[in-house]
Amino acid sequence: MKDDRLAELYELYLASIEEELSLDAEMEAYAGDKQIMPSGQVLGSIRNIVDLGKEISYLVYEHQPGQGYRALKTSCYIQFGAEVDSIARGEYGDLLVELDNEFLLSELEVLSADAVDWISPLSLLELEKARQDLAELDFDYQIDSYKRKFKIKELELTVSLRSRNDGLRHPISPMPMLLQAVMANQASLMAAKNNNLAHAFALLKQPQDGKVYYADGYTLRRENNKVITLHTDPCIKGRLAEIYVGVFIMFRGPLPQVLAMNISMSLAELHEYLDIKLVKI
Amino acid sequence: MDFSYSVVRYKNWLHTWEGQGPDLPALMAGIWRFLKSGDGADCRDLEHGFYCLSYYVAIAQNRQNSLVFDLCRRYGADYHQSLYERATSLYLDAQKGMDRFLQMERDLDQRSLHKYLYNSLKYILKKCNSEWIETLHDPNRVSLPAESIDESGELGSGAKAIIRSGYGSPSIEYYQYRMEIKAKAKELATSLVAEWKPSKLNVLCQLYEKMYNLDTIRLADESNAYIHKLHQRLRDDLTGLVTDGVCSRDELDEMLRSYMPEICQATPASSTYIMRKTDNLEMT
Numbered sequence: 001m002k003d004d005r006l007a008e009l010y011e012l013y014l015a016s017i018e019e020e021l022s023l024d025a026e027m028e029a030y031a032g033d034k035q036i037m038p039s040g041q042v043l044g045s046i047r048n049i050v051d052l053g054k055e056i057s058y059l060v061y062e063h064q065p066g067q068g069y070r071a072l073k074t075s076c077y078i079q080f081g082a083e084v085d086s087i088a089r090g091e092y093g094d095l096l097v098e099l100d101n102e103f104l105l106s107e108l109e110v111l112s113a114d115a116v117d118w119i120s121p122l123s124l125l126e127l128e129k130a131r132q133d134l135a136e137l138d139f140d141y142q143i144d145s146y147k148r149k150f151k152i153k154e155l156e157l158t159v160s161l162r163s164r165n166d167g168l169r170h171p172i173s174p175m176p177m178l179l180q181a182v183m184a185n186q187a188s189l190m191a192a193k194n195n196n197l198a199h200a201f202a203l204l205k206q207p208q209d210g211k212v213y214y215a216d217g218y219t220l221r222r223e224n225n226k227v228i229t230l231h232t233d234p235c236i237k238g239r240l241a242e243i244y245v246g247v248f249i250m251f252r253g254p255l256p257q258v259l260a261m262n263i264s265m266s267l268a269e270l271h272e273y274l275d276i277k278l279v280k281i
Numbered sequence: 001m002d003f004s005y006s007v008v009r010y011k012n013w014l015h016t017w018e019g020q021g022p023d024l025p026a027l028m029a030g031i032w033r034f035l036k037s038g039d040g041a042d043c044r045d046l047e048h049g050f051y052c053l054s055y056y057v058a059i060a061q062n063r064q065n066s067l068v069f070d071l072c073r074r075y076g077a078d079y080h081q082s083l084y085e086r087a088t089s090l091y092l093d094a095q096k097g098m099d100r101f102l103q104m105e106r107d108l109d110q111r112s113l114h115k116y117l118y119n120s121l122k123y124i125l126k127k128c129n130s131e132w133i134e135t136l137h138d139p140n141r142v143s144l145p146a147e148s149i150d151e152s153g154e155l156g157s158g159a160k161a162i163i164r165s166g167y168g169s170p171s172i173e174y175y176q177y178r179m180e181i182k183a184k185a186k187e188l189a190t191s192l193v194a195e196w197k198p199s200k201l202n203v204l205c206q207l208y209e210k211m212y213n214l215d216t217i218r219l220a221d222e223s224n225a226y227i228h229k230l231h232q233r234l235r236d237d238l239t240g241l242v243t244d245g246v247c248s249r250d251e252l253d254e255m256l257r258s259y260m261p262e263i264c265q266a267t268p269a270s271s272t273y274i275m276r277k278t279d280n281l282e283m284t
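Chains as they are written, first to last, in the working numbering: chain A, 1 to 281; chain B, 1 to 284.
What the hints contain is simulated information worked out from the structure, not anything from laboratory work.
Check each hint, because a few of them may be wrong.
With the C-beta cut set under 7 Å, the calculated list includes, among others, these residues of chain B facing chain A [stated by the list, open to error]: (1) D93; (2) Q110; (3) K115; (4) Y116; (5) N119; (6) Y123; (7) K127; (8) M211; (9) K229; (10) H231; (11) L238; (12) D253; (13) L256; (14) S258.
We put the beta carbon where it would ideally sit given N, CA and C, even for glycine.
Please work from the sequences and hints to get the whole structure.
What follows is the structure in structure tokens.
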């Protein structure tokens, strides 16, 4: 019975993601140009943005003058909350704030969106504390399947927005444990795929210190235990691309010269899982 | 607020409504009148408003509604009853935001208000649909009183029946509790202004004004790192009010939501944490 409930809630969650195209468009057409709210709470407010036809609700977390606002993904499906998430008290009830799902939005994007819920100043301060604690901890994503599915879906939803994050200061994908959990199932598949001579020669070419890995189109460098940087070759820099690690989409957008990723694995291992797909416009 | 809800009449209303062609502005206008209506409202208006809200529940999250329809068939539940329950939850939850909606009515033109209402209700509706699934699996689920469903499909007497039945959403007791919270929050605001040092209140007001994007000189001469430290202390002071039994978390949250403008009005603005004598003149 418990699994039925979670399965149905997960279905309900999936049904809520897609934009209600005809009705939403009708409302947009009726309301005309967006009216920017002249006043009201901005930090600590909950708003929505539509990205690639998907509705994404977020909490406006921090103002960064000249850049916009930092935002955290939120959801009303608190049943799928993991250790890495926080529960905040909104005006209409509790909401899930995903501390590992952060992105940058422009002032226009934020201020032209309707604020649909709010948290109090104290809740905002508590989130700040929870985020600090998050940086010091490794979280266990060995969580039940629906929570994990939910987490992956939520991160997929925001991949374009998170890909806007400014390169090295905010590494993409702060979920090494989740990645490892997802990829554990793929390990044997990849091993079979790479059981050939070309792969063996590719490994021989690499420096032995494990700090650099050269590949076609990119170079991987280890910055520290958690952060690996991907340096794209000039021929693909700026091209619209999707970067997958296994089945997991990590990045969608114009390729920067350097991209930092929070991944705890060897460079050779990451190379095995890495797939850069250039997107045709 | 009392009115009669009938499946038959809702279906007739829907037939007429859909026959006239989709009219989103009229739907939102009907919902807004319903949300604002008090005890003196006409029964027919209330019925029309509730049917508008029920229709909104069915179409605004169309995919979710299809899933609810399937679940009703799977569990032998009545779809119209679910619609009624979810519309009632939506009505009751939306009442929590009425102060803001009324403020928006004053600030915005009608079209923008309708769009704001549309987006806000859509956000709340997701929660109501999720709660409905939770109650579907709740062994202590309180359905609508079966005796109120007669052969003509009468489902009881509107929102009040739901409130009295204790189904999922807030009860009358909840509203009484909210009134008490508001009163205690006001007392708390008064005592904070009297007892907290102006420098500490200045930090609280700086945070509040930052959250509202207001122009402020508060702590303008302090470094970001120091402000961060002051915010940490403020968080500890505020949570200390709850842990020391001065107030409940609900009362504190209500004070922070509702009484900050008054608190900051009474607190001199200072660009530094250590307040100078001249700061007493810089009231915001």
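Hints versus structure:
1. D93: Hint on D93 of chain B: holds, closest Cβ of chain A at ~5 Å, below 7 Å.
2. Q110: violated (10 Å)
3. K115: With Cβ-Cβ at 4 Å, under 7 Å, it holds.
4. Y116: holds (5 Å)
5. N119: At 5 Å from the nearest chain A Cβ, N119 of chain B passes the 7 Å test, so the hint holds.
6. Y123: Interface hint status for Y123 of chain B: holds (4 Å vs cutoff 7 Å).
7. K127: Cβ of K127 of chain B sits 5 Å from chain A, so the hint holds.
8. M211: holds (4 Å)
9. K229: Not OK, violated: K229 of chain B not within 7 Å of chain A, min 12 Å.
10. H231: holds (6 Å)
11. L238: Hint on L238 of chain B: holds, closest Cβ of chain A at ~5 Å, below 7 Å.
12. D253: Nearest chain A Cβ about 5 Å off; hint holds.
13. L256: Where the cut-off is 7 Å and the nearest Cβ of chain A is about 4 Å from L256 of chain B, the hint holds.
14. S258: Check failed: Cβ of S258 of chain B comes no nearer than 10 Å to chain A, outside 7 Å.
Checked against the numbered hints given earlier, this structure breaks hints 2, 9 and 14; the rest are met.
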